[in-house]
Amino acid sequence: MGNNNIDALINEISFEIVKEKIVDKNQIDKMLGVLANDGVYAWWVYTKKELNWKFVSDESKFKEFELIRLILLLNRFDFLFREILSEQDINKISQLQEQINNKQNEKKSKKDKNKEIDKEIANLKGQQNDLLNNFFVDLSQNLQNLLFFREILEKILIYARYHAKAMGE
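Here my numbering is used: the first residue of the sequence shown is 25, the next is one more, and so on.
Some hints could be false.
Unchecked claim - Derived EDC-like pairs (lysine to aspartate or glutamate); straight-line CA-CA distance at most 20 angstroms: (1) 45 x 178; (2) 73 x 178; (3) 179 x 88; (4) 134 x 162; (5) 132 x 144; (6) 78 x 62; (7) 72 x 144; (8) 149 x 111; (9) 179 x 82.
If you're looking for bench data, these hints aren't it; they were derived computationally from the structure.
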């Protein structure tokens, strides 16, 4: 994109959130409330719960889920913060899901090794969750970056609310 005007980028992302129907006005209001009252990590946990998504082995399908589409929009701030989910992270998540699927199929065919396979599956799922959450855990280590990210996210959601109202959402 090459756009380093933060306010223009905030406006662009907030418009796309509404235009692409990633979230509706009601969801925006709820997200704003969680962000304002409980902070960035609470917003992240709430957003993961509320938006449509799941781990899948098809990388292109994974990118179609609302949560991942939102993350990919927020990744445009990579000139300020590292990407929330990089292409390598998305690829790794998909590969881990393929391994989980294989282990689950193996578990069905081997009745005697279920506990060992369950541990392997739990480990793979933990790796996926770590990839999904690492940005927000790392962000909380630097108060200045955390507050700046919160300010940007709040503006995005406020602008998105106005876009939704203007578009009759």
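Results of checking the hints against the structure:
Proposed proximity of residue 45 and residue 178 is supported: the alpha carbons are some 18 angstroms apart, at most 20 angstroms. Under the criterion of a C-alpha separation no larger than 20 angstroms, the hint pairing residue 73 with residue 178 is consistent with the structure, at around 19 angstroms. Using a Cα cut-off of 20 angstroms, the hinted pair residue 179 and residue 88 is violated, with the two alpha carbons roughly 24 angstroms apart. Proposed proximity of residue 134 and residue 162 is contradicted: the alpha carbons are some 39 angstroms apart, above 20 angstroms.
Distance check on the hinted pair: residue 132 and residue 144 sit about 14 angstroms apart at the alpha-carbon level, within 20 angstroms; holds. Taken as a hint, the residue 78 and residue 62 pair is broken in the structure, with Cα atoms around 25 angstroms apart against an allowance of 20 angstroms. This hinted pair does not check out: residue 72 and residue 144 have alpha carbons roughly 24 angstroms apart, beyond 20 angstroms. A hinted pair counts as satisfied when its Cα atoms are at most 20 angstroms apart, and residue 149 with residue 111 qualifies at roughly 19 angstroms.
Distance check on the hinted pair: residue 179 and residue 82 sit about 33 angstroms apart at the alpha-carbon level, beyond 20 angstroms; violated.
Going down the numbered hints, you'll see the structure goes against 3, 4, 6, 7 and 9, while the others check out.
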